[in-house]
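Asks: Residues in the sequence shown are numbered consecutively from 1, following full-length UniProt numbering.
No lab work stands behind these hints: they were computed from the structure.
As the structure is a prediction and not an experimental result, all values here were calculated from the model.
Quick reminder that beta carbons are idealized off the backbone N, C-alpha and C, glycines included.
Check the hints yourself; a few may be wrong.
What the hints assert, rightly or not - Here are the in silico distance ranges between beta carbons for each label pair:
1) 892 with 239: 20 to 26 Å
2) 439 with 304: 38 to 44 Å
3) 476 with 304: 55 to 61 Å
4) 51 with 900: 26 to 32 Å
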Amino acid sequence: METTSGLQSKVVRDLAWLIQAPPVLSEHAGMQLLALPDAAAERATQDWLVSLDQDPQELLSALGAQSGVRRLGFYAAALTQFWLENGPSWDTRRSLSAVPLSSGRSRITAGQLKLVCLRPREALHVESSVKFFADASSEEAPDLGTSSYVGPFLHENLAWRLAEARRKVTCTESLSVQDFLRRELGQVQLRSVYFLKGSTGWYTTDISAALNLTPGARLAVLPKLFWLGPAVARGDPPVILGEDLPGQQEAVATDWPDKVRQDVEEHFGKVQSALLLCELMPSTDGLWVEHSRGFVLPPVWDPTSLMTGQPQGMKSTAEHEPSAPDAPSKWSNQRRKYSERLADTARQPAPSLADAGVHIAVPQRLSEDLTAQHLTSYVLAAKSAARKGDGSRIQRKRLLHGAVQESEAATPGSVCRLVSEALQQLVEVSHPSDSHFLLELLVKPSEVGLAVRDCSLTFEAQPCAARRILDLGIAGGVCLRLAVKFAFRFQFSWDSVDTASAASLFEAALASDRSRLAGLVEYLAACSSLTLPVGSELSTAILQKLALPPADFAVLDLLCQHSPEHTMELTDILVSHGQLKLARKIEARRGDGSAPRVAVHESPEELPEIRLPAEVEVSLISDGCGLDALLQHLAEAGESVVGMDAEWKPWEGRGSDRGGSPVQLLQLAWAEVVYLLDMPALVADAELKLVQLLEILCSPSCILVGFNLEGDLRQLADSYPWLMSGAWRSTIEAVEMSGTSASLDGLCASVLGLRLEKSQQRSRWDLRPLSAQQLAYAALDAWVLLALLGARDSHLELPSLRTLASLPYGHAKRFTRRLELDGGVCAVASTLASLSQGKALQALVREHRSQVVVCKTLACVATLAAGARRLCLAVLPESAEMSLAQLTSSLGCASARLASTEELREHFRQPRGSVGPIGPALPKATVVLHQPLAENSLLSCGGGSPGWHLNLSPQQLQDWTDCIVAPIVAPIAS
Numbered sequence: 001m002e003t004t005s006g007l008q009s010k011v012v013r014d015l016a017w018l019i020q021a022p023p024v025l026s027e028h029a030g031m032q033l034l035a036l037p038d039a040a041a042e043r044a045t046q047d048w049l050v051s052l053d054q055d056p057q058e059l060l061s062a063l064g065a066q067s068g069v070r071r072l073g074f075y076a077a078a079l080t081q082f083w084l085e086n087g088p089s090w091d092t093r094r095s096l097s098a099v100p101l102s103s104g105r106s107r108i109t110a111g112q113l114k115l116v117c118l119r120p121r122e123a124l125h126v127e128s129s130v131k132f133f134a135d136a137s138s139e140e141a142p143d144l145g146t147s148s149y150v151g152p153f154l155h156e157n158l159a160w161r162l163a164e165a166r167r168k169v170t171c172t173e174s175l176s177v178q179d180f181l182r183r184e185l186g187q188v189q190l191r192s193v194y195f196l197k198g199s200t201g202w203y204t205t206d207i208s209a210a211l212n213l214t215p216g217a218r219l220a221v222l223p224k225l226f227w228l229g230p231a232v233a234r235g236d237p238p239v240i241l242g243e244d245l246p247g248q249q250e251a252v253a254t255d256w257p258d259k260v261r262q263d264v265e266e267h268f269g270k271v272q273s274a275l276l277l278c279e280l281m282p283s284t285d286g287l288w289v290e291h292s293r294g295f296v297l298p299p300v301w302d303p304t305s306l307m308t309g310q311p312q313g314m315k316s317t318a319e320h321e322p323s324a325p326d327a328p329s330k331w332s333n334q335r336r337k338y339s340e341r342l343a344d345t346a347r348q349p350a351p352s353l354a355d356a357g358v359h360i361a362v363p364q365r366l367s368e369d370l371t372a373q374h375l376t377s378y379v380l381a382a383k384s385a386a387r388k389g390d391g392s393r394i395q396r397k398r399l400l401h402g403a404v405q406e407s408e409a410a411t412p413g414s415v416c417r418l419v420s421e422a423l424q425q426l427v428e429v430s431h432p433s434d435s436h437f438l439l440e441l442l443v444k445p446s447e448v449g450l451a452v453r454d455c456s457l458t459f460e461a462q463p464c465a466a467r468r469i470l471d472l473g474i475a476g477g478v479c480l481r482l483a484v485k486f487a488f489r490f491q492f493s494w495d496s497v498d499t500a501s502a503a504s505l506f507e508a509a510l511a512s513d514r515s516r517l518a519g520l521v522e523y524l525a526a527c528s529s530l531t532l533p534v535g536s537e538l539s540t541a542i543l544q545k546l547a548l549p550p551a552d553f554a555v556l557d558l559l560c561q562h563s564p565e566h567t568m569e570l571t572d573i574l575v576s577h578g579q580l581k582l583a584r585k586i587e588a589r590r591g592d593g594s595a596p597r598v599a600v601h602e603s604p605e606e607l608p609e610i611r612l613p614a615e616v617e618v619s620l621i622s623d624g625c626g627l628d629a630l631l632q633h634l635a636e637a638g639e640s641v642v643g644m645d646a647e648w649k650p651w652e653g654r655g656s657d658r659g660g661s662p663v664q665l666l667q668l669a670w671a672e673v674v675y676l677l678d679m680p681a682l683v684a685d686a687e688l689k690l691v692q693l694l695e696i697l698c699s700p701s702c703i704l705v706g707f708n709l710e711g712d713l714r715q716l717a718d719s720y721p722w723l724m725s726g727a728w729r730s731t732i733e734a735v736e737m738s739g740t741s742a743s744l745d746g747l748c749a750s751v752l753g754l755r756l757e758k759s760q761q762r763s764r765w766d767l768r769p770l771s772a773q774q775l776a777y778a779a780l781d782a783w784v785l786l787a788l789l790g791a792r793d794s795h796l797e798l799p800s801l802r803t804l805a806s807l808p809y810g811h812a813k814r815f816t817r818r819l820e821l822d823g824g825v826c827a828v829a830s831t832l833a834s835l836s837q838g839k840a841l842q843a844l845v846r847e848h849r850s851q852v853v854v855c856k857t858l859a860c861v862a863t864l865a866a867g868a869r870r871l872c873l874a875v876l877p878e879s880a881e882m883s884l885a886q887l888t889s890s891l892g893c894a895s896a897r898l899a900s901t902e903e904l905r906e907h908f909r910q911p912r913g914s915v916g917p918i919g920p921a922l923p924k925a926t927v928v929l930h931q932p933l934a935e936n937s938l939l940s941c942g943g944g945s946p947g948w949h950l951n952l953s954p955q956q957l958q959d960w961t962d963c964i965v966a967p968i969v970a971p972i973a974s
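Based on the sequences and whatever the hints tell you, model everything.
Replies: Set out below in structure tokens:
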């Protein structure tokens, strides 16, 4: 149990439990049991599980490809199959699964050949089950053997389960089955084994007894898909996390006993069915680990009908009769999620499989040419199998997946034609979305979930057939989004759609469901015909329908790419619907850009080069007198629209100082003049005037226009924090031009139809004097931002660049957005300035590391007993590992955890990896200093941004902050 609970991934814990849990049966059960052969195999399997836990994607993909995994039995079978096919001790070469079996000559399905693995010297037939039984025997009752072990839902006794297992295992005695396996796997020895695992725990009908087992425990009622591996909870309050698999996405809450008692009593007042309860106790690193588990059974639970001394199975009459409109319980409102009704009617034994026949709707190998009828039959059968949880669909899929590739290799374009014919046949007999079963045949199993254009298999288009697929989608016979994916899969050549036809298609889609509208957006985008008229009722109706919760980001992002002038309206609609995160994501991704005004068909190299107009003055400022002139210009201009750019020494890809190169040149542009500020020279000659200038630029009187402006401002702050600390604001009014293009030269090409020369971009900006080419490049880079903003405002033919760059403040105001910036090193510098300790902040150079103890600061969130939160900063040696348990103890709180990225931004306003103990945003955080550090003379802590460190003594740290000294480092394991 301890080894299993130490694994991080739930699915890997479940798999480890299946492998490592003690078997329910002994070797005296009369069947050969599945087990690892020796201790070496057990060690190899444990190592494999640990490796799988580090990257469980292969396991998750395998489970996601299986149908029926939302049910516990199918889920456990899929885990077992993955182990036998991929585990280190089996060497499985090939496997067969879910082969339907009939009883004797009948064609009625009576069972399945669950799993057969071809190994080097044998074919291993495995039948498996996961079952739970309660020992209902007592001292007064006679010895009833295995029938005294009864299922918690009264579905069967253990004797019945053993009889079922023997029935399934003996299916390989059938001559038909043996002949089938010889044809599929060759002449190898056949061995049949049984694999049954169950959990050891307790059961009670007295809820009070269950709630008082272990003082201090939290409790959780486990859904059925959480019944395998031991539960592990994390977070505040602790929750048991699932996986991105059907039935497991929702986390399971934990609670204190009094609350759980209330919920359980309410449940039994409405639904008479068992609940599986688990106790969790606190462990290391803020985790809660399962301590015990057991069934809480309803007061009416009566096992006597199963304690017959014989195999006995039961079923619930509620499964075959209309259900009564019971008030839903907290845990019974989703069928089979937590529990089932108690069984009350006897079942008849299933027929023997000793003479079973094999009948498979799809052969193991397709011996005939692939036809459209094969594809149509697969879709209909797959839909039925998915509903029933029938695993045979996977075998069908594998068969046809190979047949599809063989057909395309033999005749390129044939698959496109067959898919078109199959989709036409399916229009009358299936739902439009069922065609996804066909699409999955065109993708490698390992690439399921990728965008269609990212998949590696390629198919050639048969133009008429591909056109018919799209026409079916437009007409509604096939889901249009799927039709577009088919067209991409077949590398279809898209034809443009004229504006009138696009408008007619939009009107028809608006009258249908939202999926059709989303598909139309994807279709027109692929045709390069996705444009919406500004201000029209049709455009507003389209945006309103697409933005209804829950909105699809991929569709909205596509719309903004092709019609960026609608981004602001779309963002407003999302905000009005309460989808704030999505609104911020759209705004950050696209900005407030407008559509390209110049259709650029030629490459940027063929466009005319953009040049700074001759009447625009360029002024290089390297001393206080030059700054006086610039400040005078700002005073006379009043409200200003300023193009801003910055240049620094390019990173050369060596060392760890990627962010450590200071800004060398700051460019500020107006329509008539560009000022180039030599930052190192000005810092040395006119620092106070530079601070004054930066305060004005960051004030509401200036609108800053930039391309990746936040990056330039961050680099400026990281370079000169003591200058920016007075000017820094958490939000700045700005216009970000990078929303519609990945590069400034690309934006100039698409909007202005001109080429921006970028050859000087990565030149040595740290060397003096700067060349004339560098100065001309720097001036144009800042000034052209104003022309681009003017083009955004112009709805007519583009005027001259000089006219575009003269956009008034009031017009530019319409395009601004609040640029939110972390405090970072500026907040640290500001705090230190208030303490008259500016010299404490400095770059930590290698030769000084031996003079200080380098520390790391971890931002944490503690939860008090009353539920209130408390922010704290833990300071400990750089190489040490923090103990959350000791931190919790030192703060006297109920629990503590590391702060999330969002919390770092909101409360601490410093980037991860650079957090320090000085300067967090309010409310003020408590600093916890690791006790041994208090004996050192000088500590070097995070300075709020990469490259900056805060050097101070432990006493200064205690004087300047709300500081606690306590041991918080985890002990080193021996």
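Asks: It remains to establish, for every hint, whether it holds in the given structure.
Replies: We went through each hint and held it up to the structure:
no.	hint	result
1	892 with 239: 20 to 26 Å	holds (24 Å)
2	439 with 304: 38 to 44 Å	violated (53 Å)
3	476 with 304: 55 to 61 Å	holds (58 Å)
4	51 with 900: 26 to 32 Å	holds (28 Å)
Checked against the numbered hints above, the structure breaks only hint 2 and satisfies the rest.
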